[in-house]
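Colleague: Line order of the protein sequences matches chains F and L.
Note that this note's numbering gives residue 3 to position 3 of the first sequence, counting from 1, and the numbers run on in steps of one.
Note that this note's numbering gives residue 138 to position 138 of the second sequence, counting from 1, and the numbers run on in steps of one.
Errors might be hidden in some of the hints.
Quick list of the computed label-pair ranges, beta carbon to beta carbon [stated by the list, open to error]:
hint : chain 1 : residue 1 : chain 2 : residue 2 : range
1    : L       : 137       : F       : 106       : 43 to 49 Å
2    : F       : 123       : L       : 224       : 40 to 46 Å
3    : L       : 126       : F       : 195       : 40 to 46 Å
4    : L       : 114       : F       : 165       : 24 to 30 Å
5    : L       : 77        : F       : 138       : 54 to 60 Å
6    : L       : 86        : F       : 88        : 53 to 59 Å
7    : F       : 69        : L       : 256       : 37 to 43 Å
The hints are simulated quantities; they were obtained by calculation from the structure and are not laboratory data.
All values reported here derive from a predicted model rather than from experimental measurement.
Positions of the beta carbon are idealized from the N, C-alpha and C atoms, including for glycine.
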Amino acid sequence: MTELTLAPVDAPGAEPGADARGKRLGPWARRLGSLVAQAVVTLLLVSALVFFATQALPGDVARLILGKTATPERLAVLREQLGLDRPVLVQYWDWLSGVLRGDFGESLANHEPVTSLIGERLVNSLSLALAAMVIIIPVSLLVGVVAATHRDSWFDKAFLGLSMVINALPDFIIGTLLIALFATNVTHLLPPVSIIPVGDTPWQHLTAMILPVATLATSGVFYLGRLVRASFIDVTNSEYVEMATLKGLSRRVITYRHALPNALAAAIPAASLVAAFTIGGVVVVEYVFNYPGIGMLLVESLGNQNLPVIQALVLIVAVSYFFFNRLADAFERR
Amino acid sequence: MSRDDVKPAPAQAATAAAAGGAAAEATPATPSRWARSDLARVLRSGQVRAGLIMTIIMVIFAIVGPFLAPRNPNDASGGPGPYNPPTDGFPLGTDNIGNDVLSRLLAGGIHLAWMAPASAFTAVLLGAVVGVVAAYYGGVVDMLLMRLMDVLLAFPLVVFIILFVSMVGPKPWLLVVLVVIGMVPGVARVLRGAALPLKEREYVLWATAAGIPARRIMLREYLPNIWSPLMVELGMRLMWSIGALASISYLGYGIQAPDFDWGTMIEESRNGLQTQPWAVLVPVLVIVLFTIGSNIMAEGAARVVARTEKDR
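Sequences and hints are given; from them, build the entire structure.
Modeller: Right, here's the structure in full:
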């Protein structure tokens with residue numbers, strides 16, 4: 001991944017003078033309205049895709065539940081119970097209206113409501129993502145700014161070289177390497193699997209969290225750090241900072257009072273992007289460490305075709321992933 | 001973009017000198033149409049070449065590997081048993097069921113070697129078509145295409161793939177199709193962004209006014225001007241498809257037993273990391289060399305783009 005990912009992607013409909021926000025609340029509000037409307041339409045299509053991919057593709061949920069030996073009569077009864085004999089659009093509408101009321105249906109495995117099944121797992125995953133973001137943001141700001149202000153120093157070169165390598169590593173490989181380093185022969189400091197008993201929060205088992213968080217943080221810091229470095233250098237090269245230099249302001253003042261705030265503003269979309277990546281990363285990283293979150297639950301549910309759980313989890317992941325991507329766009333387009 | 005990103009690396013300077021005056025962009029002598037093209041500019045970069053060579057070496061390794069495997073990679077009989085450290089005849093030891101790790105390493109790259117490049121090339125090709133068409137026509141076409149892309153962009157790549165694979169069944173062609181569908185929107189967005197400013201260029205305005213067909217304008221006027229972002233995308237998407245395909249195999253939704261690849265090798269032997277680390281670390285190493293090669297290529301191309309933008 002390179003700085004280029006952040007290269008201004010263009011802005012359909014973005015007015016050139018949109019920074020004059022205060023004066024023209026009208027267009028700004030209209031723009032927000034159209035963004036929200038677009039998001040609603042997109043998310044409706046996303047939910048339809050999730051539903052049809054799961055409910056319509058395999059064809060026969062009843063057979064999945066009852067197994068291959070089930071008699072046609074029993075299959076028909078169950079289909080009627082589950083409402084599978086109704087048109088697919090009606091099923092979709094029922095499911096969607098349930099989702100909007102916070103009701104994701106029942107797990108096929110034990111008839112537990114999906115919402116209560118997911119609840120605790122969701123807290124575990126959010127804790128993981130949150131802890132990672134709390135590390136990623138300040139550390140990558142620090143590293144990125146130091147690399148940018150000491151350009152071509154050994155630190156900058158080491159950071160660039162290392163990021164070229166780390167950014168190329170899939171999350172599951174970073175996790176595997178961390179296990180090799182900290183949970184086997186090299187050092188025995190940390191557990192290789194994250195055991196968090198049902199009913200406990202991950203914060204009561206910090207050692208179980210360290211390696212999964214470190215995995216997400218490693219991939220996040222080198223990615224966001226690169227973006228921060230690039231945007232800081234961009235700002236330093238801008239006319240605005242050149243102006244401040246000509247006015248005779250000291251380097252320190254220019255760096256911290258002028259360049260830094262601007263670079264931070266430029267780094268916000270990048271940070272939202274990293275938040276989105278972290279949501280995607282959580283799924284794989286949880287599997288690596290057997291961490292009891294929604295990612296692990298998703299992999300398990302896909303394995304035993306527990307459709308209501310799959311639908312709920314994929315929808316939750318997609319909505320939050322979409323939200324952070326959109327946030328990145330919204331900041332970018334200003 | 002940073003100044004050092006813009007400065008040519010020593011290797012690049014050397015290649016430029018070797019290629020003669022035509023390569024030096026500053027020389028007023030008129031270079032050939034090819035030498036001036038974005039693609040030539042990207043391929044002239046030493047870093048892009050280094051990454052490309054590294055990637056090609058890994059692909060060749062994966063293709064030739066199966067023929068070099070000293071043992072049957074799926075036959076543990078006659079071996080020293082599971083998780084055996086390196087011994088005579090088993091230079092990298094054995095895996096979780098006693099298969100020879102070296103043979104599996106050599107034979108386990110073949111899927112990745114065709115699936116990852118096939119996904120990346122197809123995704124970049126389709127993404128470029130969508131992006132350029134959206135930029136060229138604008139209006140309703142643009143709006144519909146890009147909103148459709150938004151729907152697909154709402155899924156993290158790995159989640160998108162395992163969702164459909166678990167429903168339809170793990171077939172290699174399906175994996176490639178899913179990686180492509182998952183990556184097209186990202187490519188389309190970037191290339192639409194690169195193509196939009198071209199609309200205002202004089203030669204495009206002229207060609208449109210002269211009634212030259214749209215397809216010809218896109219092919220002859222747009223394409224030559226988006227080669228460098230295209231190459232950046234190609235490198236990056238190759239890196240991501242290797243990573244995604246390996247992750248999918250690791251999660252158990254890719255290549256299925258008794259077949260195997262580098263991703264499944266890591267998953268199968270991960271519980272033996274303590275006693276027989278080679279069974280895990282060696283497939284990790286080859287995947288990593290493959291992705292780093294493509295990243296070096298992508299970053300090299302990104303530098304060229306930055307330099308070109310500065311020149312314009």
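Colleague: Determine for every hint whether it applies to the structure shown.
Modeller: Hint check:
In this structure the hint that residue 137 of chain L and residue 106 of chain F lie 43 to 49 Å apart at CB holds, the actual value being about 47 Å. In this structure, residue 123 of chain F and residue 224 of chain L break the distance hint of 40 to 46 Å, their C-beta atoms being roughly 53 Å apart. Under the hint 40 to 46 Å, the C-beta atoms of residue 126 of chain L and residue 195 of chain F, about 44 Å apart, fit the expected range. In this structure the supplied range 24 to 30 Å holds for residue 114 of chain L paired with residue 165 of chain F, their Cβ-Cβ distance being about 25 Å.
Judged by the Cβ atoms, the range 54 to 60 Å given for residue 77 of chain L and residue 138 of chain F holds: they are separated by roughly 55 Å. Judged by the Cβ atoms, the range 53 to 59 Å given for residue 86 of chain L and residue 88 of chain F holds: they are separated by roughly 56 Å. Taking 37 to 43 Å as the suggested C-beta distance range, the pair residue 69 of chain F and residue 256 of chain L does not conform, at roughly 24 Å.
Of the numbered hints given earlier, the model fails hints 2 and 7; all others are met.
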